[in-house]
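Note that the protein sequences, when read in sequence, are chains F and V.
With our numbering, you'll find the first sequence wraps up at 155, consecutive numbering, no jumps.
With our numbering, you'll find the second sequence wraps up at 796, consecutive numbering, no jumps.
No lab work stands behind these hints: they were computed from the structure.
Wrong hints could be hidden among the right ones.
[What the hints assert, rightly or not] To list a few chain V residues with every Cβ distance to chain F over 12 Å, as calculated:
(1) 48
(2) 78
(3) 164
(4) 182
(5) 202
(6) 262
(7) 415
(8) 440
(9) 596
(10) 607
(11) 705
(12) 759
(13) 786
[Unchecked claim] Some chain F residues flagged as far from chain V (calculated, every beta-carbon gap over 12 Å):
(14) 10
(15) 13
(16) 15
(17) 54
(18) 71
(19) 78
(20) 115
(21) 118
(22) 150
[Unchecked claim] Derived coverage of chain F by chain V (criterion: at least 3 residues anywhere in the stretch with Cβ under 8 Å from a Cβ of chain V; other residues may be distant):
(23) 37-45
(24) 61-70
(25) 93-107
(26) 131-137
(27) 140-146
Backbone N, C-alpha and C fix where the C-beta goes; we use that ideal spot for every residue, glycine too.
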Amino acid sequence: MKVSLTVNGARRTVDDAGESETLLQVLRDHLGLTGTKNACEQGECGSCTVYLDGTLVCSCLVLAGQADGAEVTTVEGLSAAGAAAVQEAFVEAGAVQCGFCTPGLVMAAHDLLAHNPDPGDDDIREALAGNLCRCTGYQKIVDAVHRAASPTTTP
Amino acid sequence: MTALDTVVAGGRVGERATRLDGYPKVTGQFAYASDLHRDGMLFGATLRSPVASARIRSLDLSGVAGSPGVAAVLVAADVPGKNRFGLNFDDQPVLADTVVRYQGEPVAVVAASSPARAWDAVGRIVLELEPLPGVFDMEEALADGAHRVQEVGNVLRHVHIERGDTRSAGADVWVEGYYETAMQDQAALGPEAGLAVPAEDGGVDLYVATQWLHADREQIAPCLDLPDEKVRLHLAGVGGAFGSREDIHMQIHACMLALRTGRPVKLSYGREESFHGHVHRHPARIWMRHGATRDGRLVAVEARLLFDGGAYASSSPAVLGNAATFAAGPYDVPHVRIDGTVVYTNNPPCGAMRGFGAPQVCFGHEAQMDKLARALGIDPVDLRLRNALEPGLSLPSGQVLTGSAPVREVIARCAALPMPDAEPLEGRGAFGYPGGTGNVTRGEGIKRGVGFAVGFKNIAYSEGFDDAGSARVTVRLEGDEPVAEIHTAAVEMGQGLYTLLAQIVRTELDIDRVVVRQADTAARNTGSTSASRQSMMSGGAVQMACAQVRAALFERARSQAGAGAGNHELSVGRGWVNAGGHPLARVADLLDEPVSREAVYHHRRTGTFDDKGQGDVHVCFAFAAERAVVDVDEDLGLVRVVQVAAAIDAGRVLNPLGMSGQVEGGTAQGLGLALMEEVQLSDGAIRNASFTDYLIPTIADMPPVVSAAVEDPEPGVPYGAKGVGESPTIVATAAIVAALRDATGRELNRAPVSPDELAGLRPPAATQGPPPCPDVPGQDPVPLYFQSGSGQQRLM
Ligand code: FES
Ligand code: FES
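Based on the sequences and whatever the hints tell you, model everything.
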């Protein structure tokens, strides 16, 4: 199956995507964009989160065919040059340990801040409740989102 | 192909240092094992046994022959060398040959041109099994006539510790309890994965996410029938571990397939396979009796421990040794009798998980301390303070605490941490109630409880194991700037070790630019990233190597300066070698040739148990106390953990940011075992091998964790620092369940606590009493008395 899509601003075409393959597999296996992660491949962990036509989705739940003609932004494309504020904030706040959850969390946090520039703790928890992290206990992830919302304050 | 060598900026020992691999990770550039790629690589897939106990009657591969894209199908007969491996004993087949002993045991492996083709081929293999009886219950494993899981029988190890005489302890009050903890999964988000690349010399290069490169190699090479030097391991990005990567999973399979096909082979597990592909935390059954005098002096502890080791030994013998030595808690107890057994069953193998035997017994001894406090009418924190261990006192195993043991300090410090702000019962946000955004209560039927727990953990390997650390530090010029490079075989699995090693180099050499080379087996063995040991062991080796580099720089400075150096003491700082505080030579000018030094750091030697379980078996200890505050909705059995307060014995804090991250993350895993995490089995088969059915804490489940470090440096250890990776996990489960008991008044003797138990719909876990102790030749693991096969011992 042929799938054409725009990924991080560039037109990409995959000629041999399988019928049952997902957007996650297209990104990782066909396009070599391995920044998007695959911790469960059944919609439970959020590690595969990307923007699909501007909407946050679990790419493991999107069939490759559904992404045909779509515009996709992955963690690699979040900031054209260097790291976006939210990515910086994750590093500075210590919100990264093994980092396997990080791409998905960075995407989810980015989306939250786009809709709510100054979220409270509960807003953050609600927005990130679909992203599992096994390392951090989440506290520094909450810190990171606050930090990204107001980059000048240090915790 | 693998993660880049990492360059670091900023941060010395004691400073808040951000991760050196932070930017590659937030931008998606960091290459985890599951991200590896080689042109022309094949993909592996594994056929696993669908049942837990059976004889292999036949294995028909004819359906695979000629399948498109299939390059190899390998079975037990294709294992080039010995078809056995294992951490403590080589009792586990690479591929099952005659029988399968647990559900999920690998039977055949396939390499094909795509993952889909590989899985298709696996589906075409016809595996005919003849059912065998199985043993799925750890008490049944001890019964006469039980099915023997291994030839040596079902007792893997029994440890007996005896001091004084509990019957004449003079206790006025006794309390008794029975406790159970469930099988827990490490649930590292990064799946098991690796890439094996055949080499021209007939050997293989394996890029893999593991916790100990050299122990992997030691197990892999004999199975491949290759000498060690032809099996080269390189660390690939590790997506968390928590013990799950201590054992071999896909390593040997990928190497076999690569050697057979002559092509790179990648093997990467999915989530379900991951549940079958690594060991778990041992489920435990614990019987305890505690005796105290009326004035609150703990005088006797009797404990019977039973751990389910599953089908193969893994590191079970060491887990049991830990559990037994910690069973009485961090308390001074004159009369003790502890009997611990770990058995083989046909359940999935259990082994290392954060805490390594300590969380289970902590759950028991802390519940007992609360019972005792109630029976005596003494405040539970006060009772713990009265009985706390201190330097000069000894463990039940007779080991005298010679180093730092700030037990009282962690208890007092934790108890003094601020309680959560008072909240009105009504009008809280959704996350303010049990059930969270489910909106199941607006405050009615809510009860609050507070629980407290103290625990401890040994640092580094025990029972005579000399798990030395080693590192090479090289200083050279890049342009006009000195750069220090660290090369070790130490595994960074997410906890922040490399950041810490770089902090040590900056501190010791005053060089800002530090590069950490990818870990591989070209570096010397530096032991496992586990047992909270790497800060001490690899950190110690880096510190020693730095001292030697410094000495070499001084020698060069002296010979360059001639008499100018005088007799002054030399130091490095701000890019100069200084003599008596005055600049003597620019470091950059001393580096025409790089300086490179390798150092090996040994911890103090430990001993083994005698026949009464007495022995100086551990190196040193890290203590922790946590207090949990919970709200329980008793109608629905739902819980909101309101706050966890933690006081952690760190010896000395090397990186406050890294430390609090360990405390918060470790607490989350303990919370998981308290409230939700359980690998559920029926006839040995895992029923919930997915993140849909095996729940781990989300951001909505986690309370704020308020943490404080207690700094009491460990003598004779680099910077006096102790690892903090495990102690928070150990106490969190016990503290949270204690808070649930306080809120509900229920017994809650099993972790995880189910909603049904909280709502009073399910009785406490019941017991017929402890099983009799098995008859064993001695304190050592039973297989040792039967065979000479070895695991890590060869590395000593
Ligand atoms: S990989 Fe898509 S949600 Fe887990
Ligand atoms: S940092 Fe490891 S899973 Fe989140």
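Now the hints, each set against the structure:
At roughly 18 Å, the least C-beta separation between residue 48 of chain V and chain F is larger than 12 Å, which holds for a residue marked as non-interface. The non-interface label for residue 78 of chain V is consistent with chain F: the shortest C-beta to C-beta separation is roughly 28 Å, beyond 12 Å. Remark: the non-interface label on residue 164 of chain V is consistent with the geometry, its nearest Cβ contact in chain F lying 40 Å away (cut-off 12 Å). Chain F leaves residue 182 of chain V outside its interface by the beta-carbon criterion, the shortest separation being 17 Å against a cut-off of 12 Å.
The claim that residue 202 of chain V lies off the interface holds: its Cβ sits roughly 30 Å from the closest Cβ of chain F, which is beyond the 12 Å cut-off. With a cut of 12 Å on Cβ distances, residue 262 of chain V stays outside the contact zone with chain F, its closest approach being about 23 Å. Every C-beta of chain F lies more than 12 Å from that of residue 415 of chain V, the closest at about 21 Å, which supports listing it as non-interface. With a closest Cβ-Cβ approach of about 16 Å to chain F, residue 440 of chain V is found to remain outside the 12 Å limit, as its non-interface label requires.
The Cβ of residue 596 of chain V lies farther than 12 Å from every Cβ of chain F, with a closest approach of about 30 Å, so its non-interface assignment holds. A cut-off of 12 Å between C-beta atoms confirms that residue 607 of chain V is not in contact with chain F; the least separation is 35 Å. Interface exclusion of residue 705 of chain V from chain F breaks down, the closest Cβ pair being 6 Å apart, not more than 12 Å. Against chain F, the non-interface label of residue 759 of chain V holds: every CB pair exceeds 12 Å, the least being about 24 Å.
Against chain F, the non-interface label of residue 786 of chain V holds: every CB pair exceeds 12 Å, the least being about 38 Å. Distance check for residue 10 of chain F against chain V: the nearest CB is about 15 Å away, which clears 12 Å, and the non-interface claim stands. Consistency note on residue 13 of chain F: stated as away from chain V, and its beta-carbon is indeed over 12 Å from all of that chain's, at 19 Å minimum. With a least CB separation of 14 Å from chain V, residue 15 of chain F remains clear of the 12 Å interface cut-off, as annotated.
For residue 54 of chain F, the requirement that its beta carbon stay farther than 12 Å from each beta carbon of chain V is met, with the minimum near 19 Å. Interface exclusion of residue 71 of chain F from chain V stands, the closest Cβ pair being 18 Å apart, more than 12 Å. Remark: the non-interface label on residue 78 of chain F conflicts with the geometry, its nearest Cβ contact in chain V lying 8 Å away (cut-off 12 Å). Residue placement check: residue 115 of chain F keeps its beta carbon more than 12 Å from all beta carbons of chain V (closest about 17 Å).
Every beta carbon of chain V lies more than 12 Å from that of residue 118 of chain F, the smallest distance being close to 16 Å; the non-interface claim holds. In this structure residue 150 of chain F is separated from chain V by more than 12 Å, as the shortest Cβ-Cβ distance comes to about 18 Å. Counting residues of the segment 37-45 of chain F whose CB falls under 8 Å from any CB of chain V gives 8; the rule of at least 3 is met. Residues of the segment 61-70 of chain F lying with their CB closer than 8 Å to a CB of chain V number 0, which falls below the three-residue condition for coverage.
With 10 residues having a Cβ less than 8 Å from any Cβ of chain V, the segment 93-107 of chain F passes the three-residue criterion, so the hint holds. Three residues within the 8 Å Cβ limit are the bar, and the segment 131-137 of chain F against chain V gives 7, so the coverage statement holds. Given as covered by chain V, the segment 140-146 of chain F passes the check, having 3 residues with a CB less than 8 Å from a CB of that chain where 3 are the minimum.
Hint violations for this structure: numbers 11, 19, 24, all remaining hints satisfied.
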